[in-house]
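J.: One letter stands for each residue in the lines below.
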Amino acid sequence: MRVGAALLACCWVVTALAGDVRAPRSFLSPELQALQDDPARHPGWLWVEQGEALWRAAPPDSGKQACAGCHGDIASMSGVAARYPAVASDGALLNLELRIERCRAEQQGASAFGYESEALLSLTAAIAARSRGQPVNVRVDGPAAARLADGRRLYSLRQGQLNLSCQQCHEENVGKRLRGDVISHGLGTGYPAYRLEWNGVGSLHRRLRACSLGVRAVQAPFGSPDYLALELFLADKARGLAVEAPGIRR
Amino acid sequence: MADITARVTMPTSARKGEIIEIKVLARHTMDRAVDAPGLKPSPRRIIHSFRASYAGEEIFRMALSSGIASNPFISFTTVATETGVISFEWLEDGGAVYSRAATLVVT
Amino acid sequence: MADKAPTRRMVAAGLAVMPFAVQAQPMASAAADVNRSSSSENFAEAERALLAGRTPIAAGITLDVPKLSENGNSVDVLINVDSAMTREDHVRAIHILSEQNPFPRVATFTLSARAGRAEVATRIRLATTQNIVVLAETSRGAIHRAEQEVIVILGACVDGG
Numbered sequence: 615m616r617v618g619a620a621l622l623a624c625c626w627v628v629t630a631l632a633g634d635v636r637a638p639r640s641f642l643s644p645e646l647q648a649l650q651d652d653p654a655r656h657p658g659w660l661w662v663e664q665g666e667a668l669w670r671a672a673p674p675d676s677g678k679q680a681c682a683g684c685h686g687d688i689a690s691m692s693g694v695a696a697r698y699p700a701v702a703s704d705g706a707l708l709n710l711e712l713r714i715e716r717c718r719a720e721q722q723g724a725s726a727f728g729y730e731s732e733a734l735l736s737l738t739a740a741i742a743a744r745s746r747g748q749p750v751n752v753r754v755d756g757p758a759a760a761r762l763a764d765g766r767r768l769y770s771l772r773q774g775q776l777n778l779s780c781q782q783c784h785e786e787n788v789g790k791r792l793r794g795d796v797i798s799h800g801l802g803t804g805y806p807a808y809r810l811e812w813n814g815v816g817s818l819h820r821r822l823r824a825c826s827l828g829v830r831a832v833q834a835p836f837g838s839p840d841y842l843a844l845e846l847f848l849a850d851k852a853r854g855l856a857v858e859a860p861g862i863r864r
Numbered sequence: 578m579a580d581i582t583a584r585v586t587m588p589t590s591a592r593k594g595e596i597i598e599i600k601v602l603a604r605h606t607m608d609r610a611v612d613a614p615g616l617k618p619s620p621r622r623i624i625h626s627f628r629a630s631y632a633g634e635e636i637f638r639m640a641l642s643s644g645i646a647s648n649p650f651i652s653f654t655t656v657a658t659e660t661g662v663i664s665f666e667w668l669e670d671g672g673a674v675y676s677r678a679a680t681l682v683v684t
Numbered sequence: 463m464a465d466k467a468p469t470r471r472m473v474a475a476g477l478a479v480m481p482f483a484v485q486a487q488p489m490a491s492a493a494a495d496v497n498r499s500s501s502s503e504n505f506a507e508a509e510r511a512l513l514a515g516r517t518p519i520a521a522g523i524t525l526d527v528p529k530l531s532e533n534g535n536s537v538d539v540l541i542n543v544d545s546a547m548t549r550e551d552h553v554r555a556i557h558i559l560s561e562q563n564p565f566p567r568v569a570t571f572t573l574s575a576r577a578g579r580a581e582v583a584t585r586i587r588l589a590t591t592q593n594i595v596v597l598a599e600t601s602r603g604a605i606h607r608a609e610q611e612v613i614v615i616l617g618a619c620v621d622g623g
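Residue numbers (our numbering), protein chains in the order written: chain A, 615 to 864; chain B, 578 to 684; chain C, 463 to 623.
A couple of the hints might just be wrong.
Some chain B residues judged to face chain A by a derived CB distance under 8 angstroms, without partners named [what the hints assert, rightly or not]:
hint: 1; residue: THR586
hint: 2; residue: LYS600
hint: 3; residue: ASN648
What follows is a set of in silico ranges between Cβ atoms, one per label pair, in the way DEER data are often shown [as the list claims (entries may be wrong)]:
hint: 4; chain 1: C; residue 1: THR591; chain 2: A; residue 2: ARG853; range: 39 to 45 angstroms
hint: 5; chain 1: A; residue 1: SER640; chain 2: B; residue 2: ALA673; range: 40 to 46 angstroms
hint: 6; chain 1: B; residue 1: GLU595; chain 2: C; residue 2: THR524; range: 19 to 25 angstroms
hint: 7; chain 1: A; residue 1: GLY686; chain 2: B; residue 2: ALA632; range: 36 to 42 angstroms
hint: 8; chain 1: A; residue 1: LEU792; chain 2: B; residue 2: GLY672; range: 27 to 33 angstroms
hint: 9; chain 1: A; residue 1: GLY728; chain 2: C; residue 2: ALA520; range: 50 to 56 angstroms
It should be emphasised that the hints constitute simulated quantities derived from the structure, not laboratory data. Predicted model only: the values in this text are computed from it and were never measured. We treat Cβ as the ideally placed atom computed from N, Cα and C, and that holds for glycine.
For reference, chain A alone in the conformation it holds in the complex (with noise of 0.2 angstroms):
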């Protein structure tokens, strides 16, 4: 076991160096890369555009600012999105969501929209829009570390009733069938998206939820510190490959 993690953690090195870590775009079909780049027929543009009029409304009776009201035009989050998931102030990690959330509840004083909600997911949405086509850039020094290191140990754990890491599909099975779907590296980067499955917009954490449920483990709760820490890992493994949100998926 021992031995090969480490042999692994060397591969992943190699990977990395190597730039084979294909976009996760370069895994859609013909048709869905096309329907990705145009948001005349995308979906997942009306949830865009639901985000960018809830970042110009004030919560309602609360006297509380708008989000531009602080942030300006929401073209002020360009590039944000490719930054996170970051360490915060008070060394939480937070991916974009639970930034979004605790502005909503420091800033302006309302109950949060809650993970999964249409309003979050919306606003992230938009907000992730805005970075469309940045590298990913995540900082992993200092108190990500060991967040960084989390998510390494917990992508390469073997779970659930088949016994499965997330590795055994998204390095060692890339490119294979399972079933309907072409297994890709398994990357962040086009979330939220819109899923033809789920007929709407959902977080890398709903997709994540799945794919535990797919290797029958118990899946974790959106926003947890599991999850997270997983995201920064896939989040470095993307680094330098661009933001797709919102991402068009099967």
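Please build the complex by placing chains B and C on the supplied structure of chain A, with the hints as guidance.
T.: Frame of chain A, contents of chains B and C only:
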């Protein structure tokens, strides 16, 4: 009245006689009627019709069923005839009507 | 997203929306409305009703659907009917029928000569692998027919999140 999230993609201007393409997306779950053992029954709630008018005259209509995908996408064409408002209406089961409009400048 | 001419900026209605109160004049009603189909109607009955005794012409429609659909929740359908779209001779209705869905009448598009082209697109749900049938009625009473099989790939069942 509650609103719907919708997007309309079309040119802002066109030459007279040019055929323009209009693409619309609306946020809607297009709920089929549920009436099966073990499931809570619920009535159908879909966008059942869509129509577009150009300077007051209807130019396109679509009747939708529960066989149309969630967040319905519709694409159609029209000939640019005059500068005017192109309006769009989505009609929902239960009587709600949601609308959008955009201006086409014809040169 | 290629913008061919700089004067033709594309707009998303979110930005260009404006209140309006124009009363729309309804178009002459097309033959059939999917909402009028009875729930017990099967595919053959629906098609027979739309044909109304006419023999369909097996030409003139380009039906663009994926041969292999990745997910039956959303299947792209693009229909183009060969027509000059003049006042005298144009396509006035296009119907999409499904052989295996619970309701055979999926959609009806009502057009006029003002469309310029008889070209429409939408996304449909397919319960399972089946034939999609498209009927196009012209203002002169002719009816065209096209058919295409779509294989629906089942999901990898890794959802539930």
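J.: Quick check: which numbered hints come out false for this structure?
T.: 8
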